[in-house]
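Generate coordinates for the entire structure from the input sequences, incorporating the hints supplied.
First to last, the sequence lines map onto chains A and B. For the first sequence, the positions run 476 to 645 when the working numbering is used. For the second sequence, the positions run 64 to 467 when the working numbering is used.
Accuracy of the hints is not assured; some may be wrong.
In the BS3-like style, the derived pairs of lysine-lysine whose C-alpha atoms are separated by at most 27 Å in a straight line are [to be verified]: (1) A:Lys549 with B:Lys355; (2) B:Lys355 with A:Lys548; (3) B:Lys129 with A:Lys507; (4) A:Lys538 with B:Lys129; (5) B:Lys183 with B:Lys462; (6) B:Lys355 with A:Lys625; (7) B:Lys355 with A:Lys530; (8) A:Lys530 with A:Lys584; (9) A:Lys587 with B:Lys98; (10) B:Lys465 with A:Lys584; (11) B:Lys66 with B:Lys98; (12) A:Lys549 with A:Lys530; (13) A:Lys548 with A:Lys620; (14) B:Lys414 with B:Lys98; (15) B:Lys98 with A:Lys517; (16) B:Lys355 with B:Lys129; (17) A:Lys620 with B:Lys355; (18) A:Lys584 with B:Lys355.
Calculated directly from the structure, the hints in this document are not laboratory data.
Okay, here's what each chain looks like letter by letter:
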Amino acid sequence: MGKDVKGRRDFMGMALGGFTALGGIGALYAMKRSWDPLPSVKAAGFTTVDLSGAKENVLNVEKWRGKPIFVLKKTKDMKADDRDVVVGSDRYHVSIGLCTHLGCIPAYKPQKQIFLCACHGGEFDASGHETFGPPPSPLEVPPFKVDGQKLVLGEAGPEYKKMLDAGLTV
Amino acid sequence: MAKFEKANSIGEWLDQRLAVETLKKVMQTEYWIPKDINFLWAMGMVLAATFGILTISGIFLLMYYKPDTALAFDSVNYTIMTEVGYGWLWRHVHGIGASLVFLIIYIHMLTGIYYGSYKKGRELIWLSGMGLFVAFSAEAFSGYMLPWGQMSYWAGMVITNLFSGGSLEAYGLVEWIRGDYVPGDAFLTRFFMLHVFLLPLVIIGLIVLHFGTLRIPHVNNQEGEEFDYGEHAELYKAGKVKESKVIPFSPVFLSKDVFVMGVYFILFFYLVFYHFNFAMDPVNFDPADGLKTPAHIYPEWYFLWSYEILRPFSKDLGLVAFAIAQVIFFALPFLDRSPNVAPASRRGLFKYWFWLMVVDLIVLTFMGKLPPEGIWNVIGLVAALAFFALWIALPIITKLEKKL
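Okay, here's the thing in structure tokens:
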């Protein structure tokens with residue numbers, strides 16, 4: 476094979492390879508985007524929770540973006556916490572009800588005032604702090620906004636932003 | 064145009080166009096298998112047959128299954144189980160097949176470990192086999208999602224959460240895998256695609272590779288004996304069948320395989336017809352509910368040992384331990400530093416290593432099923448630590464091993 480023939484073939488090979496790689500990268504990007512959550516899923520709106528009927532030490536579980544949300548009205552003698560949601564004179568524990576270990580839903584034990592996860596034995600106190608077992612962090616607080624006696628989940632109000640800035644939730 | 068003679072038979076006609084005679088020699092009549100083997104050498108063909116049965120039963124389930132979170136549960140538990148003629152048969156065959164395929168995979172793997180069938184030219188057999196184990200695990204997991212019961216949903220939740228990488232908190236990646244904040248419709252349809260198309264395609268490709276890697280080094284034998292295949296093949300072909308150490312794969316070895324398969328399928332269909340609940344978790348007969356975790360979550364029996372390695376540690380350490388446990392068996396041919404290809408019983412300390420590993424895997428399996436409380440936590444932790452201690456010990460004890 477002549478020198479110029481080899482040069483031309485190398486050029487053709489590199490040109491073909493280059494364009495194929497470009498197309499391949501484009502296809503990979505399209506594939507990645509096809510696996511993304513759909514806009515309709517992402518826009519899954521806001522949930523409004525009416526707190527006026529809440530009873531002390533009784534756990535309410537609401538649903539927001541497919542996830543369970545714990546709303547627990549604290550009794551007067553339960554320890555106050557920086558992460559409590561204060562509405563009027565009442566304190567509430569509000570969190571995403573998924574264990575921070577691997578996402579099971581802990582059950583609330585009203586006598587012991589703890590959340591107990593059945594999957595791997597993790598425990599959280601009534602303020603959502605991990606107290607035993609594998610959970611590495613407290614139950615997360617969902618974005619919320621206090622609106623009179625109502626709680627809007629999904630919207631970040633000033634109280635939530637304060638918690639976020641203080642690093643009390645992620 | 065190549066020159067073709069007129070063919071005198073269908074066989075000759077095919078041979079001219081496809082070289083079927085050569086193919087038959089390479090893959091059957093002159094594919095030499097050692098005589099000195101036992102029934103454990105039949106597990107490969109037992110697995111191939113089980114995969115065939117899973118494929119056939121899967122095709123019939125596929126005709127009525129609906130990959131939609133609103134319809135999936137009823138399409139399985141109502142339509143297939145009560146309306147479709149013999150639908151229950153396909154479902155129970157598919158469920159029992161999925162469970163037994165892992166039993167046979169584990170026997171197949173442990174046979175390979177016991178007889179040292181992963182070294183001296185056989186490394187690729189081991190690696191492609193481990194690739195098959197991972198692909199079958201993914202296939203089993205994705206299939207477990209499809210009935211969309213409580214165990215499907217929560218197994219999907221827990222396993223996809225593993226990809227958050229613990230303290231890395233890569234929830235974006237988890238949501239990307241799911242296509243949703245929680246397992247939902249997008250999640251179900253993409254795992255359906257994986258289960259019925261992409262993963263079976265990968266499995267078929269790996270099976271072809273696995274068979275291919277076996278052809279040149281040949282099957283190991285009970286004593287790990289090395290001999291000249293060409294010489295013994297000539298003896299066999301010359302009619303000195305008794306003196307020869309080999310037999311052809313087909314029809315001689317295959318007839319042994321078929322006998323073992325016969326025994327295996329008695330067990331298989333006994334389970335299908337009389338003990339099908341063995342592969343049907345009662346909790347999965349409740350439809351998926353994202354607001355209610357079942358009281359006790361555990362995987363199918365074949366994942367319990369690695370699940371138990373995840374459990375006793377803190378979150379990050381548990382994830383690292385789990386990740387290592389998933390891939391450490393790939394490294395076996397390279398961590399075993401001994402040149403001996405021989406049964407474990409003749410390999411000194413390795414004999415104890417092998418049986419300790421078997422016992423440890425069984426203990427981990429039992430602990431994975433028991434609730435995470437009290438003494439079970441301690442035993443689980445010890446067994447998990449023992450698993451890693453054994454892997455750390457392996458290169459040392461095999462280095463010390465005397466050459467046979």
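Taking the hints in turn, this is what the structure says about them:
With a C-alpha separation of about 23 Å, the suggested pairing of Lys549 of chain A with Lys355 of chain B holds against the 27 Å cut-off. Only pairs whose Cα atoms come within 27 Å are accepted, and Lys355 of chain B paired with Lys548 of chain A is accepted, the gap being roughly 21 Å. In summary, the hint linking Lys129 of chain B to Lys507 of chain A is supported, as the alpha carbons are separated by about 25 Å, within the 27 Å threshold. Using a Cα cut-off of 27 Å, the hinted pair Lys538 of chain A and Lys129 of chain B holds, with the two alpha carbons roughly 26 Å apart.
For the suggested pair Lys183 of chain B and Lys462 of chain B, the alpha carbons sit about 15 Å apart, so the restraint of at most 27 Å is met. Of the pairs offered as hints, the one joining Lys355 of chain B and Lys625 of chain A holds, with about 25 Å between alpha carbons and a cut-off of 27 Å not exceeded. Our distance criterion of 27 Å between C-alpha atoms is met by Lys355 of chain B and Lys530 of chain A, whose separation comes to about 21 Å. Between Lys530 of chain A and Lys584 of chain A the alpha-carbon distance is near 15 Å, which keeps this suggested pair within the 27 Å criterion.
For a cut-off of 27 Å, the pair hint linking Lys587 of chain A to Lys98 of chain B is broken: about 67 Å separates their Cα positions. In summary, the hint linking Lys465 of chain B to Lys584 of chain A is not supported, as the alpha carbons are separated by about 60 Å, beyond the 27 Å threshold. For a cut-off of 27 Å, the pair hint linking Lys66 of chain B to Lys98 of chain B is broken: about 42 Å separates their Cα positions. With a C-alpha separation of about 9 Å, the suggested pair Lys549 of chain A and Lys530 of chain A falls inside the 27 Å cut-off, and the hint holds.
For the hint linking Lys548 of chain A to Lys620 of chain A, the alpha-carbon distance of about 16 Å falls within 27 Å, and the restraint holds. Of the supplied pair hints, the one linking Lys414 of chain B and Lys98 of chain B holds, its CA atoms being roughly 24 Å apart against a limit of 27 Å. Using a Cα cut-off of 27 Å, the hinted pair Lys98 of chain B and Lys517 of chain A is violated, with the two alpha carbons roughly 63 Å apart. With a CA separation close to 24 Å, the supplied pair Lys355 of chain B and Lys129 of chain B stays within the 27 Å bound.
The suggested pairing of Lys620 of chain A with Lys355 of chain B holds, with an alpha-carbon distance near 26 Å, which does not exceed 27 Å. The straight-line distance between the Cα atoms of Lys584 of chain A and Lys355 of chain B is roughly 15 Å, inside the 27 Å bound, and the hint therefore holds.
Hints 9, 10, 11, 15, counting from the list given before, are not met by this structure.
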